[in-house]
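*Asks:* Here the UniProt record's numbering is used: the first residue of the sequence shown is 1, the next is one more, and so on.
Hint data in this document are derived by calculation from the structure and do not stem from the laboratory. We treat Cβ as the ideally placed atom computed from N, Cα and C, and that holds for glycine. Any given hint might turn out to be false.
Stated by the list, open to error - Pair by pair, the computed Cβ-Cβ distance ranges are:
(1) Gly-197 / Asn-405: 26 to 34 Å
(2) Ala-580 / Asp-38: 16 to 24 Å
(3) Gln-233 / Gly-140: 43 to 51 Å
(4) Gln-233 / Glu-384: 19 to 27 Å
(5) Val-491 / Lys-630: 21 to 29 Å
(6) Ser-536 / Leu-47: 29 to 37 Å
Stated by the list, open to error - Below, in silico cross-link-like pairs of lysine to aspartate or glutamate (DMTMM-like), each with a Cα-Cα straight-line distance of 20 Å or less:
(7) Lys-264 / Asp-200
(8) Lys-195 / Asp-117
(9) Lys-254 / Asp-321
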Amino acid sequence: MRQRHLLAFVTVLAVALGVTEFALAGKISTVAGTGKPDNNADAGKGLRQNIGQPFGVELGPDGALYITEVLNHRVWRLDRKTKKLTVVAGNGQKGYSGDGGPATEAMLNEPYEVRFDADGNMFFVEMQNHLIRRVDAKTGIISTVAGTGQQGYAGDGGPAIEAQFSRPHSIALDDNGGLYVADIGNHRIRRVDLKTGIVDSIAGNGEKTLPTDGAAVKGKPILGPRALYIDGQTMWIALREGHSIWKLDLASGKIQHIAGTGEKGYSGDNGPALEATFNGPKGIAVGSNGDVFVCDTENQVIRKIDPRTGMIATVAGAGPDVAKYNGDNRPALTAGLARPHGICVSPSDEIFIGDTLSHRVREVQPYDVSVSTDRENARYETSEAVDFQIDVLKYGQPATSGRVNYTLTKDGLTALTVGRAELQGEPIHVRGVMPEPGFLRCVVKFTPDAGRSLTAIAAAAVSPEMIQPSLPTPEDFDEFWTMQKERLATVPATAEVTPVKSPDEKIEAFDVQVNCLGPTPVSGYLARPKNAAPNSLPALLYVHGAGVRSSSLGNAVEGARMGLLALDINAHGIANGRPAKFYRDLASGKLKNYRHDGRDSRDTSYFLGMYLRLMRAMDFLTAQPEWDGKILIVSGHSQGGGQSLVAAGLEPRVTAIAVGVPAMCDHSGRVINRINGWPKLVPTDDTGQPAPAALEASRYFDAVNFAAQTDADAILSIGFIDAVCPPTTNFAAYNQLRGEKQTVERPAMGHAAPQDIKDEFKQFIRNHIEKNK
1 MRQRHLLAFV TVLAVALGVT EFALAGKIST VAGTGKPDNN ADAGKGLRQN
51 IGQPFGVELG PDGALYITEV LNHRVWRLDR KTKKLTVVAG NGQKGYSGDG
101 GPATEAMLNE PYEVRFDADG NMFFVEMQNH LIRRVDAKTG IISTVAGTGQ
151 QGYAGDGGPA IEAQFSRPHS IALDDNGGLY VADIGNHRIR RVDLKTGIVD
201 SIAGNGEKTL PTDGAAVKGK PILGPRALYI DGQTMWIALR EGHSIWKLDL
251 ASGKIQHIAG TGEKGYSGDN GPALEATFNG PKGIAVGSNG DVFVCDTENQ
301 VIRKIDPRTG MIATVAGAGP DVAKYNGDNR PALTAGLARP HGICVSPSDE
351 IFIGDTLSHR VREVQPYDVS VSTDRENARY ETSEAVDFQI DVLKYGQPAT
401 SGRVNYTLTK DGLTALTVGR AELQGEPIHV RGVMPEPGFL RCVVKFTPDA
451 GRSLTAIAAA AVSPEMIQPS LPTPEDFDEF WTMQKERLAT VPATAEVTPV
501 KSPDEKIEAF DVQVNCLGPT PVSGYLARPK NAAPNSLPAL LYVHGAGVRS
551 SSLGNAVEGA RMGLLALDIN AHGIANGRPA KFYRDLASGK LKNYRHDGRD
601 SRDTSYFLGM YLRLMRAMDF LTAQPEWDGK ILIVSGHSQG GGQSLVAAGL
651 EPRVTAIAVG VPAMCDHSGR VINRINGWPK LVPTDDTGQP APAALEASRY
701 FDAVNFAAQT DADAILSIGF IDAVCPPTTN FAAYNQLRGE KQTVERPAMG
751 HAAPQDIKDE FKQFIRNHIE KNK
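With the hints as extra help, turn the sequences into a complete structure.
*Replies:* Set out below in structure tokens:
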């Protein structure tokens, strides 16, 4: 028997603690928008509602996120708890109307930015209407506070509602009733006194020239003021045409150059901000500790300036070469942004971005918490010391405050070491030893000074080839399953095979329903190359993970494209191709808790029917005239991975199995104080002791006992930090396999089936077929 291990780099999954969801630390995610710009306003969930070109984003006094939608002329409110989006201004039609009535019935024209005053009243700027409007916090009534709707420059010293602006882009409010407007078309910053209604220019004279560093700016040039943010008596300004960032002291009227040489470019990260280059910055905000964040729009990144040190760094975005959306739940620095315009920062330093041309609003978590072992493969021998290194970064730099709690456990259950440390800008090291085979897990909880706690996990495999099942195979295991096979044989197989449309003209496909013991049939899709000769095709059975869904025509066709006779079956014998609601209703009703149905007896367990259908499916597949009579492969992930092990143990004709993070392994782990995985067939009492009846019944459905029955070739993927199907349970099954076998080990992987592992499985199948031709 030959064994092979395929290893991957050690990184870490970090998740935020929460009641109903996980937030990925140091990573970017979408909180609103689908990527489509079309107008489909229905006040739905944030990830189902289109947001056409979001520009401004701002956290309101109620904690909700407000979003200006330029393309569809609306302002939205996103409830950060419920994820519900509602329109708070604009009816979706382009125009200028509605003053004196409900804001939701008004016509807007490209709202660019939104802000709130101390009383909760909402202000936003409409670039194409050349004005600023206000929505009363109590009544929801909209009114114009500055601008006539006509483009121009006029009105300083008089009523703001009689003044003209030219394509105003940004607004900001101070604590003294002042509303500031980035009147970019006039190269001025103007202030509206909300108490008197009078407007005046506080910076700029219309000339297209950079301001003079350290000088008063009233009546003097300022080039392209695009974005404003006020923090106390300081106004931060992004100059679009000036490719630079400035700070204006509102008390003295003097301006200071903070970042950017004034030349267009993308350079200077991790160096002095004054030596860096920008390309059309269009958004600016300030974090809780005074850091300044800038949408460096044409460079497709978010940059952070530390005013204390004068240093600059990129904190989100992959740069100008990745100017498009390329996915979420990835490190923010690898994320593609598409001309981001708006930005705001929460009190706990989450960054919200109006990712304009991706038609999404994105969120970046400030912290990246990671744990790593001192070996790339995370493999150790018993009694060998493991050094875990804990790193906490804030926007890519070592965090200097916050608390770390850590726990080392044996197989995720028994605590071996518990400790606590305060961050001081350096990594934290924790050493552990396990005197017996298993997985040493390090669970870290980081608590920042503000915001949500975050958890990171790493695990070390300690002599995993020595891990054995927690209980032996029942003495009458073979007798029980021989009896089940005999029962199944008393029911002659009859199949309903109905042609269905194939997505590939070279493949023919069929809906298959095959009777079984009891009323529930085998339900699946069969696919094969057209005009396949008799006895010419290796066979592949694909079985599904947990859940309630139709069989997959796509899986079957994909197998047929590999030159296989392929059958994909769902786990429950339910009809294929029905509307999504059909499966949702089953999942919330009859099949809601199927995994625990009848678990106190081997004769009533739900898995008895599932395994009988598995045998009947293999009988049907091998009865097809195209089968070559030699090669039978079974593959699946999670519950499907467990079924693959079961299939090989029940059917001697199975020649190979491709098993992804298998469930249904070592149900009895709690007997020896070992964590057990899905489907957790065995409940425990308050002391952690397993229920005797369920424990005994579970042994007859445990994949480890079927694994010991097969000589099939095998490949098995294992995630070292998998909490659904823990790696200890996977190795307990793997070590029972008698044939040629190999693992794909991922120290950083949880319960997942990434594409590269699927590709590895396909190659394994090809190699197996080539070897057995």
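*Asks:* Now tell me if each hint is right for this structure.
*Replies:* Quick rundown of the hints versus the structure:
1. A hinted range of 26 to 34 Å is violated for the C-beta pair Gly-197 and Asn-405, which are about 55 Å apart.
2. In this structure, Ala-580 and Asp-38 meet the distance hint of 16 to 24 Å, their C-beta atoms being roughly 22 Å apart.
3. A C-beta distance of roughly 32 Å is found between Gln-233 and Gly-140, which places it outside the suggested range of 43 to 51 Å.
4. A hinted range of 19 to 27 Å for the beta carbons of Gln-233 and Glu-384 is inconsistent with their spacing of about 60 Å.
5. Distance hint check for Val-491 and Lys-630: the Cβ-Cβ separation is about 27 Å, which falls inside the suggested range of 21 to 29 Å.
6. The hint said 29 to 37 Å for the Cβ distance between Ser-536 and Leu-47, and at roughly 47 Å that hint is violated.
7. Between Lys-264 and Asp-200 the alpha-carbon distance is near 31 Å, which puts this suggested pair outside the 20 Å criterion.
8. Distance restraint check for Lys-195 and Asp-117: the Cα-Cα separation of roughly 13 Å lies within the 20 Å cut-off, and the hinted pair is therefore satisfied.
9. Taking the CA atoms of Lys-254 and Asp-321, the gap is about 37 Å. The hint is violated against a cut of 20 Å.
Violated hints, listed in ascending order, are 1, 3, 4, 6, 7, 9; each of the other numbered hints is respected by the structure.
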